[in-house]
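Chains as they are written, first to last, in the working numbering: chain F, 1 to 340; chain X, 1 to 378; chain G, 1 to 264.
Please note: incorrect hints may appear among the correct ones.
Here are a few chain X residues that face chain F, going by a calculated C-beta distance under 10 Å [stated by the list, open to error]:
#1 K221
#2 A224
#3 L225
#4 L226
#5 D249
#6 L250
#7 D265
#8 H268
#9 D296
Calculated directly from the structure, the hints in this document are not laboratory data.
All C-beta atoms, glycine included, are put in the ideal place defined by N, C-alpha and C.
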Amino acid sequence: MQKTRENYTLILLLLGVVLFLLSLISLSLGRYPIPLKDTVYILLHPAGGGPGDELFMPRRVLLNIRLPRLILALSGGFGLGVSGAVFQGVFRNPLVSPGVVGVTSGAGFGAALAILIFGWGMTTQAFGFLFGILALASTWMIARKSDAGSVLVFVLAGVVINMFFQAMITLVKFLADSEEKLPSIVYWLMGSLSTASWKKAALTLPVILPSSIFLLSIRNRINILSLGEENVRGLGVDPRKPMAAVLILTTLTISAVVSVAGIVGWIGLIVPHISRMLVGPDHNRLLPASALTGALFFLLIDTIGRTISPQDIPLGILTAVVGAPVFVILLIRSRGRWAL
Amino acid sequence: MKFRYLIGFIALWIATPLLFASGAQESAVEEEQSLTITDDRGESVKIDLPVQRIATFPLPHPHIIAAVDGDLDRVVGASSMSVSAAEISVLGKMYPSFLNADSSYLDGQSLNLEELVRINPDVFFTDKVLEGMEMLDASGVPSVYMGLKQETISYGEGTSTVYSPKETMRDWVSYTAEVLDKNESNAMEISEIWSETEEEIMSVIENVPLAERPKVLILFKTKALLAAGDGTFGHYWIARTGGINAAEDLKGKHPAMIKMGSFEDIMHWNPDIIYLSNFENTMPSDLFENSIDGQDWSGIKAVREGRVYRIPLGIYRWYPPSLDGPLMLKWMAQKNYPDLFDYHMEEEIREYFREYHYYDLTDQEIRDILNPASSGNL
Amino acid sequence: MISIKNGSFSYPGGPPVFRDISFSLEEGRILSIIGYNGSGKTTLIKCLSGIQDFSSGEVSIRGQNSVRGIERTRSFGYVPQLTANPVPYTVEQMVLLGRSRFLGPFSKPGRKDWQVIRDVMELTGTTPLAARSFHTLSGGERQMVLIAQALATEARALIFDEPTSALDLINQHHTVDLLRRLSHEQGYTVIFSSHDPSHALHISDCCLMLKKGLTHIFGPSEEVITESCLGEAFGIEARIYTHINDDGEASKGVLPILKPYRRE
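With these hints in hand, go ahead and build the complete structure from the sequences.
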């Protein structure tokens, strides 16, 4: 026991170090060439001289373009990692993810609708949240009505709700004017941080971080909830409040991520599995590990997406390219049970 | 029974020559009243004359029709974006009826066939090969495809093949004049003036070493990061006014705009001069005030030095093919080289409109051309 | 003292699952609930433990009347039927979950929690399994872990839902013997359901037998589990046999009378 606890600390530490190094590398990569040493120098001396300064433009690129994007990628991955692990825990199903049960497409529809009506802003997240919750509630109701315990029914209900909201998204696209809004909605839906800015960071971080950190701090409750409603009551704990808190917080997180980064699938599904391989199924350890792995995964995908070709490759494409094979391997290895 | 057959036979016998005769008569009429032209698809398109109702798809086409025909009465259908441009230009004042042209058959970039057939045009012009065009021909709406023209021009130390606003304009004037059976000479004169203006400007710029030429960026849509890359209309304007296209590395197929990777590209190019198209509502002040979310303009040289300009809107939007091409050349050459060109643009515009559009502009109208209003429908 | 007065349960709009069940059980005693499949044993266990509430009826625990919902669950340590938990926690984590009712949403298990866990794992013989994954255990081992989890709640009354139904003969014996020791040696009140009347007869002080037609009998096990009652309750003829060992101690068992067949 003592040994694994040390291992866990080591793994977390290692993830932190890798995350830090990747962040630095990511900051120095991009269309505007900035050597690593300049990157470090600028980060240590963020206030610089005027246009005459040799690092004038690199400083602006780094601090005003790449840094907000880095922060959004890290916090987005952090939030999706935590939410994904929490979802699989409380729904007691390794195949469940915010995407599978329709939260992501629900939030995507809400956000798209808000962008169509108001343009990007606070309402994007608010609408995302509203329809994310609606999608989740619908999936849950359908599953409960037909067969409360069945994992299959839950996933199938999710598929139905997903398809419905995908159609609603298509409706929004149909209604959007083809010159200005349609391309931006389509591009945003494919998943991209290319429009990252301090304003977006300032609007989404206060949602993502407190939600995720709150989820992290109640992680012993996730262990309990993973036993299923009756057993939780059998242990003398009322599952309703923590369950409601968990669902609201995960949906808040997901809709905030969706509102800035579009529909980024797979992260919430894959990251908890990878983390479980690293630190085991105990949510006390899984959640922090999932948060770091999620941040690492998101940052890696975004960095690849913006450097591999002259044009930003949408995140949705890359996560699927990486996620689908990983998931197939997990599925075969675990034969549908929890991957270990 | 037999008697009935006999009657029928006789009737047929009498009727047959009549049928033939009337057929012959009709084809004779057709020869007089129809026109067959070969369009850019290579299709022979037969158009019944006289053409009274015109529907058109290319955004700059209505103002060309107006110049060729001397009126816009015959245009019953046009893109809503052509109409919205006319609302904020003198074209709408010159031909108010055009503001009522039907746009319903164009939803976005696609064509609603039934709507088009419903407004029943005698001819339909398009610059894109649209899905269902052969159905249009079958439905009795002859459609003329007039593509965009390219030309190879000198650029930097070599040459560059671009979508040519000048050649496209010339080509569309020909098609329009042919279909409307009009004399094209007046409109064609513009193409000659255009070439002369090109030569006039190039003769001055020839003497400027390549290293001293300004790095110019034309933004088609700023927020969407669409710029005038290599081969676009914008590349033509930059090349013909002695600039170096900051976005020359952007390759693509679109005639007007190519998407850049990210805002970092602009920071990397750091252009000396930025032109904003009037196809969007972003204004130079948005860049000077650095008020666009997710974009940091404050460090860009053009912004620091106050050299951000919005492209004017004359008889039609400047930048795509338009009859104001020579004016665009002079305006942009002067912005690129304020020391080398001493055009008085207000007077140039006034003269040009009087000469070629037969319209006396007021001072306010000239100011509006140089500072086009924002428009809701872009 | 745990007592139920006129406890009934029916799902909304459905027929009653059981009706007017009344009994009281003194502390430290063992109550068995037996009945045929579908007689409502599991539902009754859930209602007793507070996982569900009775549709009507009164529950009083240690003189406190009308203890409902989560509050009632806290009077008991509940051992669910043996099914695989989908999350493959280690044995130690599973037992630790028994401490949940003492842990706030933000708190971590403290020294006392760990001490309790060490004790109950010792008692149930699960200490050597501590680091193993719950999934890799045998049925008998899992049963012990779940009992340890219930004991970790420090409740003085334990409720077991069919604790022997998924086990082989020797593990059934271990489990029943542990239940007996918990009551006789540690003073726990034990309530368990079973469809095997032998276990009830073997260790329980009193027995609640659910019979067809929503009726039931409650009383000392010896009086309730009789050949005639078994016939009524299970619909099969049964004999009660007594085995006397070398020390002269008697143990009883129920044997259903099966129709004899001979292969022709």
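Structure-based check of all given hints:
1. Interface hint status for K221/X: upheld, as the beta-carbon distance to the closest one in chain F is roughly 8 Å, under 10 Å.
2. Hint status for A224/X relative to chain F: holds, with the closest Cβ pair at about 6 Å, below 10 Å.
3. Against a cut-off of 10 Å between C-beta atoms, the interface hint on L225/X holds, since the closest Cβ of chain F lies about 8 Å away.
4. Annotation: L226/X was flagged as interfacial toward chain F, and the flag holds, the nearest CB pair being 9 Å apart, inside 10 Å.
5. A distance limit of 10 Å between C-beta atoms decides the matter here; for D249/X the minimum to chain F is near 8 Å, and the interface restraint holds.
6. Against a cut-off of 10 Å between C-beta atoms, the interface hint on L250/X holds, since the closest Cβ of chain F lies about 8 Å away.
7. Checking D265/X against chain F: minimum C-beta separation of about 5 Å stays under 10 Å; hint holds.
8. Hint on H268/X holds. Least Cβ distance to chain F is approximately 4 Å, under the 10 Å limit.
9. For D296/X, the suggested interface contact is upheld, since its CB lies about 4 Å from the closest CB of chain F, less than 10 Å.
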